[in-house]
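Colleague: When you get a sec, could you build the whole thing from the sequences and use the hints?
Those sequence lines, one after another, are chains Z and S. Count the first sequence with my numbering and you get residues 1 to 113, in order. Count the second sequence with my numbering and you get residues 1001 to 1111, in order.
Some hints here could point you the wrong way.
From the structure, some residues in chain Z lie toward chain S, with a derived Cβ separation under 10 Å [stated by the list, open to error]:
(1) L44
(2) L46
(3) C91
(4) Q99
Computed list of chain S residues with no C-beta within reach of chain Z, every gap over 12 Å [to be verified]:
(5) G1016
(6) D1063
(7) S1073
(8) T1076
No lab work stands behind these hints: they were computed from the structure. Glycine included, each C-beta is placed from N, C-alpha and C at the ideal position.
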Amino acid sequence: AQSVTQLDSQVPVFEEAPVELRCNYSSSVSVYLFWYVQYPNQGLQLLLKYLSGSTLVKGINGFEAEFNKSQTSFHLRKPSVHISDTAEYFCAVSEGGAQKLVFGQGTRLTINP
Amino acid sequence: GAGVSQSPRYKVAKRGQDVALRCDPISGHVSLFWYQQALGQGPEFLTYFQNEAQLDKSGLPSDRFFAERPEGSVSTLKIQRTQQEDSAVYLCASSLMDTQYFGPGTRLTVL
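Modeller: Below, the structure written as structure tokens:
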């Protein structure tokens, strides 16, 4: 069975500082990996995804993530955060195609001025 | 274009009442998923449709939960005899290929 672990439940950072949100997964098959962001009282918005190919994936709002197969990780990074990045971030994995997503517990990113 | 819409956005039910939650997927999206998100948790899979066929309902927590998508478009998630533990946000997502697009969710509170 697949599982996703987000190692930090909360990450506070100062505005314009870099940030890394960590995600590890377990699966016995090849996977697709996703990061979604959830703003208060809203649904999930796709930030970026890894399906195949280059292990460095760039997404919206200046975020990027790197797929590391040997470490089964897919950490999310941004070099300089803004107040507007305050939200909950979810890492998710699927076995591909039209398959269900398995989510981590989420990481709450708080940006302090 | 229009995204996934869900209604109602908020629902308060007394314990024991039946509720129906609606999802309008993105036009042309073949696949439709329902997830349950408890407070402070990540979403958890409930069920999956491809067109009108329910191909996976392994995540439905009990036989009180029922989902349908009779014409392969709009879907309804029904919960019978609601219990307090059913309180959660119910998210619907649709996809054409490998990416799921989520609606805003329905927040269900059972008193």
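Colleague: Holds or violated: is the Cβ of T1076(S) farther than 12 Å from all Cβ atoms of chain Z?
Modeller: Non-interface label stands for T1076(S): nearest chain Z Cβ at 18 Å, farther than 12 Å.
Colleague: Going by Cβ atoms, does G1016(S) stay more than 12 Å from chain Z at every point?
Modeller: holds (27 Å)
Colleague: So, C91(Z) near chain S? Judge it on the closest CB pair being under 10 Å.
Modeller: holds (9 Å)
Colleague: Holds or violated: is the Cβ of L46(Z) closer than 10 Å to a Cβ in chain S?
Modeller: Given a least distance of 6 Å, the restraint on L46(Z) holds.
Colleague: Quick one, is the L44(Z) hint okay against chain S at 10 Å, beta carbons?
Modeller: The hint holds - L44(Z) has a Cβ within 10 Å of chain S, the shortest such distance being about 4 Å.
Colleague: Grab the minimum beta-carbon distance between S1073(S) and chain Z and tell me whether it stays above 12 Å.
Modeller: Given that every Cβ of chain Z is farther than 12 Å from that of S1073(S), nearest at about 16 Å, it holds.
Colleague: Examine each Cβ of chain Z, and state whether all of them lie more than 12 Å from the Cβ of D1063(S).
Modeller: holds (20 Å)
Colleague: Given Q99(Z) as an interface hint, is its Cβ closer than 10 Å to any Cβ of chain S?
Modeller: holds (8 Å)
When held up to the earlier numbered hints, the structure conflicts with none and fits them all.
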